[in-house]
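Peer 1: Here this note's numbering = 1-based position in the sequence shown + 381.
Calculated from the structure, these hints are not laboratory results.
Quick list of the computed label-pair ranges, beta carbon to beta carbon:
{"hint": "1", "residue 1": "Leu416", "residue 2": "Thr383", "range": "45 to 55 Å"}
{"hint": "2", "residue 1": "Arg419", "residue 2": "Leu387", "range": "42 to 52 Å"}
{"hint": "3", "residue 1": "Arg419", "residue 2": "Ser384", "range": "48 to 58 Å"}
{"hint": "4", "residue 1": "Ala393", "residue 2": "Leu416", "range": "30 to 40 Å"}
{"hint": "5", "residue 1": "Arg419", "residue 2": "Leu389", "range": "42 to 52 Å"}
{"hint": "6", "residue 1": "Arg419", "residue 2": "Gly386", "range": "47 to 57 Å"}
{"hint": "7", "residue 1": "Leu416", "residue 2": "Ser385", "range": "43 to 53 Å"}
All values reported here derive from a predicted model rather than from experimental measurement.
Here a beta-carbon is modelled for each residue, glycine too, at the ideal position from N, C-alpha and C.
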Amino acid sequence: MTSSGLNLAVMAVTLIGWVGIFVVVFALDRRVKKLEER
382 MTSSGLNLAV MAVTLIGWVG IFVVVFALDR RVKKLEER
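Take the sequences, apply the hints, and build the full model.
Peer 2: Spelled out as structure tokens, the structure:
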């Protein structure tokens with residue numbers, strides 16, 4: 382694997398990680414708001 386390929390892999394994993402964090406935070410926020418409405 383070349384260094385550029387390694388950099389792309391690291392970028393992809395980092396991007397997926399950030400997206401995953403945002404999805405979890407968004408889902409928890411939605412769940413909390415639904416509980417507060419009741």
